[in-house]
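Asker: Could you slot chain D onto chain V? The hints should help.
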Amino acid sequence: MAGETLEPTQTDEPTIPWHRLPVSKETLIGYASVLPVLILYFIIAIGPVAYAVNASLHEVFLLNPQWEWAGLQNYYEVFELETFWGSLWRGIIYMVGSTLIQLGVGLWLALALNKIARGQKFLTAVVFTAYLIPTIVLAFAAGYMFTPNIGLGVLQSLGSDIGLWAGNTAPMTFSQTWAMPLLILVGTWKFGVFITIFALAQLRAIPDRFYEAAQICGANRLQMFRDITLPRIQGVILVAVLLRSIFMFNKFDIIWVLTQGGPGSATTTLPILAYETAFTGGNYGLANALAVVMFLFLGIGAVAYFILFNPSEEVETST
Amino acid sequence: MSTDTPSDTDGIFGLGYRAEEKLFSRLKQISAAIFVVVGVFPIYWMLQASLTTRERASSSGISWFPTPETFTLENYEVLTNPDVALYVINSIVVTLGTIILVVLISLIAGYGLARFNMPQKENFARFLLLGYLFSPIVLGVPLYLIWQNLGLLNTRLGLIIALTAISMPFAVWLMWKYIQTIPEAMEESAWVAGASRWQGFRDIIIPQTQPAIIAAALFAFALAWNDFTFAQILLPANEASTFAPGVFRLIQRGYDIARVDVMAVSMAMTLPPLIFAYFMQSYLLKGFQIRSL
Chain V
54 MAGETLEPTQ TDEPTIPWHR LPVSKETLIG YASVLPVLIL YFIIAIGPVA
104 YAVNASLHEV FLLNPQWEWA GLQNYYEVFE LETFWGSLWR GIIYMVGSTL
154 IQLGVGLWLA LALNKIARGQ KFLTAVVFTA YLIPTIVLAF AAGYMFTPNI
204 GLGVLQSLGS DIGLWAGNTA PMTFSQTWAM PLLILVGTWK FGVFITIFAL
254 AQLRAIPDRF YEAAQICGAN RLQMFRDITL PRIQGVILVA VLLRSIFMFN
304 KFDIIWVLTQ GGPGSATTTL PILAYETAFT GGNYGLANAL AVVMFLFLGI
354 GAVAYFILFN PSEEVETST
Chain D
825 MSTDTPSDTD GIFGLGYRAE EKLFSRLKQI SAAIFVVVGV FPIYWMLQAS
875 LTTRERASSS GISWFPTPET FTLENYEVLT NPDVALYVIN SIVVTLGTII
925 LVVLISLIAG YGLARFNMPQ KENFARFLLL GYLFSPIVLG VPLYLIWQNL
975 GLLNTRLGLI IALTAISMPF AVWLMWKYIQ TIPEAMEESA WVAGASRWQG
1025 FRDIIIPQTQ PAIIAAALFA FALAWNDFTF AQILLPANEA STFAPGVFRL
1075 IQRGYDIARV DVMAVSMAMT LPPLIFAYFM QSYLLKGFQI RSL
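Going down the list, the protein sequences come from chains V and D.
According to the numbering used here, the first sequence is numbered sequentially starting from 54.
According to the numbering used here, the second sequence is numbered sequentially starting from 825.
In isolation and in its complexed conformation, chain V is listed as follows (with noise of 0.2 Å):
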């Protein structure tokens, strides 16, 4: 090590002064290097965002390049609405309906695919393959799945043979009853998966002696699980779900591919609500008031979440 230098060669730039500046350079290079999100995240979020609010205060409409200054207008409307209300009760159901079901399907997934040896690659394979895969093929796959009369209707003509509905009915786009738990369950195929990564990344980490010192002290598989497993999942769980939630409650593909909100009401939530009103109806402003409560809905159900459950208090690592 004799020929090199012990020091960091901090001379390479005399020209700035960095003594004299108020802030250190450590700080400004800092600054810098997250200078590209800040900039991304205006032009995409806060931007849009300023802008939807200015929107949600004028009267616009869509072919009439004319806005016109209406104050609150637009969020009493949105109140008045009746399918306001109706879109926001059948969110919640999807959000509350998915989130639950997801959870069970991704945590049960996650806890045997940890344990399972043989073929443990392929299942993994298979179970990531859901995630990956893009939204829009699976929504073609399962909308041919639940058309009636044609060969690849597998899933409508197995429904029908044990009684669920009628065997030339479509249960996705044209039964109220079946239209929106059809929907949770094929949501389910693919973001169930959301959950097991994030719980199988740490059910990995858990060093194998926790469960052999368990045994030797007799432990059976409830107690381990309840008191090696759980704690350290649980951190990850809070988080996994809230994510979970807030994207169900905004999920507007799958539903617009499958049944654009159909039949009749039954599975209008609220992005599809706040789309409809801005291109069918094309009420512009009224949409972004919307799109205002929306927002602001979720960002109180977020606030209530963290102060209920605290996901950012960190679990015990030490391994």
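Read the hints as simulated data drawn from the structure, not as lab findings.
Any given hint could turn out to be false.
Unchecked claim - Dumping the calculated DSS-like pairs for lysine-lysine here, alpha-carbon to alpha-carbon at most 25 Å:
id, chain 1, residue 1, chain 2, residue 2
1, D, LYS945, D, LYS1001
2, D, LYS945, V, LYS168
3, D, LYS1001, V, LYS78
4, V, LYS168, D, LYS846
5, D, LYS852, V, LYS168
6, V, LYS174, D, LYS945
7, V, LYS78, D, LYS945
Claimed, not checked - Label pairs and their in silico Cβ distance ranges:
id, chain 1, residue 1, chain 2, residue 2, range
8, D, GLN1032, V, LEU91, 39 to 45 Å
9, V, GLY172, D, ILE886, 24 to 30 Å
10, V, LEU349, D, GLU1012, 58 to 64 Å
11, D, PHE895, V, LEU361, 52 to 58 Å
12, V, PHE175, D, MET1010, 35 to 41 Å
13, V, LEU91, D, TRP888, 50 to 56 Å
14, V, ASN117, D, PHE895, 43 to 49 Å
15, D, ALA909, V, LEU349, 53 to 59 Å
It should be emphasised that the depicted structure is a prediction, and the values quoted were computed from it without experimental measurement.
Cβ atoms here follow ideal geometry from the backbone N, Cα and C, with glycine treated the same way.
Answerer: Using the frame of chain V, we list chain D on its own:
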């Protein structure tokens, strides 16, 4: 209960240790069987549908698999349809661009957050995550007008920028948390040996962050390959469209695209995810070792 060796009575549900073991391995086998059937079935269904003739697929009576009479490869000719080929190429370009941008920007930002003292950086990261509260619909519709003014509408670059920004909060968060687990002492010893901060970043951080880089790349891939909403809004012109809104529009317009053709092109779009899921799973898991917000 505090015996040193497992006795025959303290298993779950009062079962003996052996019986418990047996019950669990049985449950594991049943679970695996269910996962394989439920997980593989939709993909199998797409595959077999894409290999079945149009006539058989649209006539009634379930066609479980293509028989020699109904087997055909013709459906894959849809990939040579100029419109569909263009959609697929556009999807590939957009996805690659998004992955490269996401990895570059999030790596630098993650390093900055992990290694430099900045006031409020925890809150900065949480502020980024707030972005996920906005529905893509809420962001996409105003973005249409903004992109129009910037001349980015109907360009692949415009969609790449939008998708990069959407992937960013999670990717930055992942990089930040991952780089925190790399001991700073390794860099310090490099500095002592005369390396600059850049050299330390290049030679120590980047190689060690590889799992997180691959995880962020996979995440960006999933987002870009998946995207329907943004592409639908930001690429209204047919020649700029990516796969998802493009094929959806073909179906909606009643253009001559049969169900089996849709399944063939869907199968083609499913191949890359399948390959990544098989070969990259360990990286995906390593990158996702995040415990808290």
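Asker: Could you work out which earlier hints the structure fails to respect and list their numbers in ascending sequence?
Answerer: Going through the list in order, the structure violates hints 2, 6, 8, 10, 14 and 15 and respects the others.
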